[in-house]
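Chemist: Sequence:
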Amino acid sequence: MVFDTQLKLAREFSLPVIIHSRGAWQDCFQMTKDAGIEKAVFHWYSGPIEILDKIIENGYLVSCTPALEYSRELRSVIEKTPLERILVETDSPVRYKSQHPYNAEPKHVLKTLFCLAKLKNISIINAEEITTSNAKRFFNIKKSSS
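Read in order, the letters of the sequence shown are residues 6 to 151 in the numbering used here.
Careful, some of the hints might be misleading.
Mimicking PhoX-like on lysine-lysine, the simulated pairs with C-alpha atoms at most 20 Å apart in a straight line are [as the list claims (entries may be wrong)]: (1) Lys44 to Lys141; (2) Lys102 to Lys112; (3) Lys147 to Lys125; (4) Lys85 to Lys59; (5) Lys44 to Lys147; (6) Lys44 to Lys13; (7) Lys13 to Lys38; (8) Lys44 to Lys59; (9) Lys112 to Lys141; (10) Lys85 to Lys112; (11) Lys102 to Lys85; (12) Lys85 to Lys125.
Label pairs and their calculated CB-CB ranges [claimed, not checked]: (13) Gln11 to Gln104: 35 to 43 Å; (14) Leu20 to Asn108: 24 to 32 Å; (15) Ile127 to Thr10: 14 to 22 Å; (16) Arg100 to Arg77: 31 to 39 Å; (17) Ile129 to Arg16: 32 to 40 Å; (18) Ile23 to Pro87: 16 to 24 Å; (19) Lys112 to Ser81: 25 to 33 Å; (20) Gln35 to Asn108: 32 to 40 Å; (21) Gln11 to Pro106: 18 to 26 Å; (22) Lys112 to Asp9: 23 to 31 Å; (23) Gln104 to Leu20: 32 to 40 Å; (24) Glu43 to Tyr75: 31 to 39 Å; (25) Gly28 to Asn131: 30 to 38 Å.
Since the hints were made in silico from the structure, they are not lab data.
The beta carbon of each residue, even a glycine, is placed where N, CA and C say it ideally should be.
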């Protein structure tokens, strides 16, 4: 009920939606699609590839975090996701369970970029340019005229 109300508000005001859908991937996807949402990102998506395919087909995005370093599920998703459909983030202040556990901070978005570039076999600069362009498009950030 609450999610449905949020989706209606997002549609009414033409706002992008960031969805934490862990364990409710199909329901969240279907509700988002049925609500007519144009812009949605599925935060740290690590669900079934069949639903990922639907997310991509509908023009939605997924985000990745430094968990890309160790999460097989997240790596599998990101390997199959076109770069133009990926945002990077840290999910700060979560604690990551990597070989050397740490508490995420905003600066760790660079670790996410590094992992993404390595996985996609591209330069960090290329990963940064593409994901920054994705974020600007998603959040409707225009170039400053000054």
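Chemist: Please list, smallest to largest, the hint numbers that this structure does not respect.
Modeler: 3, 10, 11, 15, 16, 21 and 22
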